[in-house]
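Chains V and X, in that order, are what the protein sequence lines are.
Quick note on our numbering: the first sequence kicks off at 78 and runs consecutively.
Quick note on our numbering: the second sequence kicks off at 2 and runs consecutively.
Honestly, the hints are just simulated from the structure, not real lab data.
Do not take every clue at face value.
Computed list of lysine-lysine pairs in DSS-like fashion (alpha-carbon distance at most 25 angstroms, straight line) [unchecked claim]: (1) X/K239 <-> X/K250; (2) V/K79 <-> V/K206; (3) V/K108 <-> V/K128; (4) V/K103 <-> X/K17; (5) X/K253 <-> X/K239; (6) X/K17 <-> X/K253; (7) V/K103 <-> V/K120; (8) V/K79 <-> V/K103; (9) X/K250 <-> V/K206; (10) X/K17 <-> V/K128; (11) V/K108 <-> V/K120; (12) V/K233 <-> X/K83.
Residues of chain X placed beyond 10 angstroms of chain V at every Cβ, according to the derived structure [what the hints assert, rightly or not]: (13) Q7; (14) L12; (15) A21; (16) M96; (17) R133; (18) V223.
Where is the CB? At the ideal position from N, CA and C, for every residue including glycine.
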Amino acid sequence: MKLITVAGPPSSGKTSMLLRVIDWLKEQGLKAGVVKFDCVASKDDERYRAKGVPVLLGLAGNLCPDHYFVTNIEACARWGQSLELDILISESAGLCNRCSPFIRHALAVCVIDNLSGVNTPTKMGPLLKQADIVAITKGDIVSQAEREVFQYQVRKVNARAEILHINGLTGQGKERLGVLLAQAEDIDDLDGRKLRFSMPAAVCSYCLGETRIGHDYQMGNVKSIAIPDVPRPEVS
Amino acid sequence: MMEDIQSITILGGHSKSGEAEDVALRLVPGDLVAVVGPTGSGKSRLLADIEYIAQRDTPSGRCILINDQPPAPEIRFDMGRKLIAQLSQNMNFVMDATVAEFIAMHAECRDTNLGETGLEELINSVVTQANRLTGEPIVPDTPLTALSGGQSRSLMIADTAILSDSPIVLIDEIENAGIDRRQALDILVQNQKIVLMATHDPILALLAHSRIVLKSGGIADVLESDQDETALLEELQKADAAILAVREKLRKGERLSGSAFRYAEFLAADSI
Ligand SMILES: Nc1nc2c(ncn2[C@@H]2O[C@H](COP(=O)(O)OP(=O)(O)OP(=O)(O)O)[C@@H](O)[C@H]2O)c(=O)[nH]1
Ligand SMILES: [Zn+2]
Ligand SMILES: [Zn+2]
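So here's chain X without its partners, still in its complex pose (with noise of 0.2 angstroms):
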């Protein structure tokens, strides 16, 4: 059943002073849409009414198709987990498991039948995966809670994309959590989801193909990017990644000089 979800739709409810919201936004598999507006516009509310797949029963009066069609109950309030992930503001785990346990445990309750082997890799490559989004890698057998926030955050993010098989994904700003921002990204959707990501920053809001902009507590539009947008983009992230290569001089100890923009290509060279 998870397996076929080929669309989901949002159909515009009202803003909080009772304005229509003309909405039809249809998404597929792949797709990854920003979600923009100051705070207190209504971001999460978006967000939780995809998660909740609202049929005009939540405060917006939105509408949430799946496969065009509105979900039957037993999807909804059930399997409805299993269908949309959601990667909320939180850093850390609570659960008493080891980092190993804990991919065991998600596995054995996603159905996932994997013999001892199995296991063994699929552990492998979650933090393998994990381990490409932060700067201080992760071991198996490290305590859930003993993991830093930056950790923490990429095997959450690690363990959505491998381990969930919710084909949509509802990320509440991932900006402040230290790890490699457009790699999540791009494991995420190369995982053929679907996701929708609340932000605050330029270079996440310009990297997503679509953005829903957000005032007063409605959909004020929906904006695709476009060639200019994709070439500021370029530019913002070659700033951002000199201020990384700079900041990364710095906790060296290293001495600075000339263009930032120069430590920013020598970092991409180091990469290659």
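Next up, chain V with everything else stripped away, as it sits in the complex (with noise of 0.2 angstroms):
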């Protein structure tokens, strides 16, 4: 089985795309399964079930939604295994852009779409700059020109990917993508690889369900924001 990471801010066109290329796949005689991990709430699961995709969906509640991931990768893939899919999709929302949910040697897609600014690309972290593959959506939308800047923007951070430009809603350019996933590195087992990137240092009291705001209440991992020396008003 393939394993597949896409990640990308929320509502960059992941599903809309996932969707056509795992038409693509079908055709192609290629069964593919979702795992969605997303924070809070998520409606995608319906969208692949209406398609017949088999799906599972992990919400991450008042985790990190990347520490959520990566404990949970390891029993979806086991979980893609048993279905005897082809390809299992991890599609993840909500990250921060801090994160990535990269894994090595598991072919990693990023997701982003032309209407987040130009200066997007430059503000992502790992998840744009550690990519095998950048997807670029919603280009129907923008001008001929504003594409072309966008990933000029998008290849100053990642030189390496190749950038595919996709419409999430009609699927054009889903034919590379599929080309693409389809000659994915087979992974057999996950135990003992690793993250392309490593997760952000966490466990501070608020981790643990610490709400009150105050130097008393900050335990363990933090950090303080550096402050230049403000002259203290003059006494007369």
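Work from the hints to combine the two standalone chains into their complex.
What follows is the structure, encoded as structure tokens:
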């Protein structure tokens, strides 16, 4: 089975694009399933189910979504194998920009849309930088020049990835993505594999449910913002 | 690499019902081709196939050759964006930048290495060209998102003609843009591009050197324009000019009389 990690900002078009490419994979005789990771709520599972795609939904709730992902992906992979899927796709939204759910040797796809602003690519961390494929969606609502400028910004951050332009509504461009997914490396077992990028350090009192603000309530792994000395007001 | 596009060739696939398309159409720089057919006949699909440089791997089964050959994968999937520029039906910009900033950014990503004065000249020439197409002049420090539909469209066309080095331009319905369509095509074709446009507009369709006729998803015919059609085009253009002239007079609050065609001639004389 192949494991593909797909991640991108909320509403960037991940599900729309994946539904199209899964259709294409099905035409090629490949069976794909999806595990959707989100924070609080998602109806994506219904969209996949409506198209007959086997799907799991994982909601991180009050946990860091990235930590939740990494502690669950192995079990999800076993689920995929038990269904004899050819391809298991994990779709993650609601990640912090510090993170990426990408795993070494598992094909990593970042989905980003043309409407997200020209400066967004430079603001994104490993999610964009470490992807093997960057799928840019919603090209239909911007001009050619805007698409080019946006792609250029993406290229500046990730010089290596193959950049694809995909229309989530019509599926235009899905064939190339399908080919790349179908060619991805097979994985037998995730045990002992490595993330491409370390998860954020956590475990402070707030991780454990603290809600009060103030020095007395901060414990564990905390980091202070650098603030220049402010001259004190003169007392006359 | 991009400069040496000598031709693109469309090799037929099949229609929705599986009927084979008997087409091998080779286009060279300066060619202007209309794509006609009823709504839903597959005009956008054809443009999409060209944009994607399809290799019998899209639903239509068509194959697009560049310089008589299948393109290398890197041209197809990355550089391809620069090979082919597309003016889709969207009429507005979403980017948060002024007209001048936008042109500068586009120039930067096209590897156009200009000095400061070069950049200023470039901005001026794009804006000037755009203003030939629209009745409402564009100013360089206007935010893109504040442009009207006509202004946006004009800027997109001027930008494609001047700034983009894409030798192939695909246009999906330019008619509703409220711009000077003829000038727009002239600008694009003058710059030695291969232009394909999907259109319902008779004047645009006849302006093209040839037209691809689509029926239920397939290419049914490719027609070359002939002398009769050129004569018809002239009449239609006169009628079009007459309507424009009358509209202009009405807008100015003038009273009209006599044959509409007089106004067209009047307008033509005016602009000389
Ligand atoms: N115009 C246009 N709209 C798109 C495109 N792709 C997706 N959309 C729309 O964008 C919205 C979000 O798409 P989704 O596929 O739900 O995005 P997502 O990334 O899966 O969203 P979450 O999983 O909820 O974060 C939907 O309304 C889609 O119809 C595209 O290429 N063009
Ligand atoms: Zn989704
Ligand atoms: Zn995180």
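Satisfaction of hint between V/K128 and V/K108, Cα-Cα up to 25 angstroms = holds (13 angstroms)
For the pair supplied as a hint, V/K103 and V/K120, confirm whether the alpha-carbon distance does not exceed 25 angstroms.
-> holds (22 angstroms)
Taking C-beta pairs only, is X/Q7 more than 10 angstroms away from all of chain V?
-> The assertion about X/Q7 holds, with a minimum of 23 angstroms to chain V.
Keeping to a limit of 25 angstroms between CA atoms, is the pair of X/K17 and X/K253 held or broken?
-> Distance ~50 angstroms between X/K17 and X/K253 Cα, so the pair is violated.
Non-interface claim for X/R133: all C-beta distances to chain V beyond 10 angstroms?
-> holds (18 angstroms)
If you draw a straight line from the CA of X/K239 to the CA of X/K250, is it 25 angstroms or shorter?
-> holds (16 angstroms)
Beyond 10 angstroms from every chain V Cβ: check whether that's true for X/L12.
-> holds (17 angstroms)
Distance restraint between X/K250 and V/K206, which requires alpha-carbon spacing of 25 angstroms or less = violated (58 angstroms)
Is the Cα-Cα distance between V/K103 and X/K17 25 angstroms or less?
-> holds (20 angstroms)
Take a quick look at X/A21 and tell me if its Cβ sits farther than 10 angstroms from every Cβ on chain V, holds or violated.
-> At roughly 21 angstroms from the nearest Cβ of chain V, X/A21 sits farther out than 10 angstroms, so the non-interface label holds.
Hinted pair V/K79 and V/K206, Cα distance within 25 angstroms = Holds: V/K79 and V/K206 sit about 22 angstroms apart, inside 25 angstroms.
Mind checking the alpha carbons of X/K253 and X/K239 for me, to see if they're no more than 25 angstroms apart?
-> holds (21 angstroms)
Taken one by one, the earlier hints fail for this structure at numbers 6, 9 and 16, listed in ascending order.
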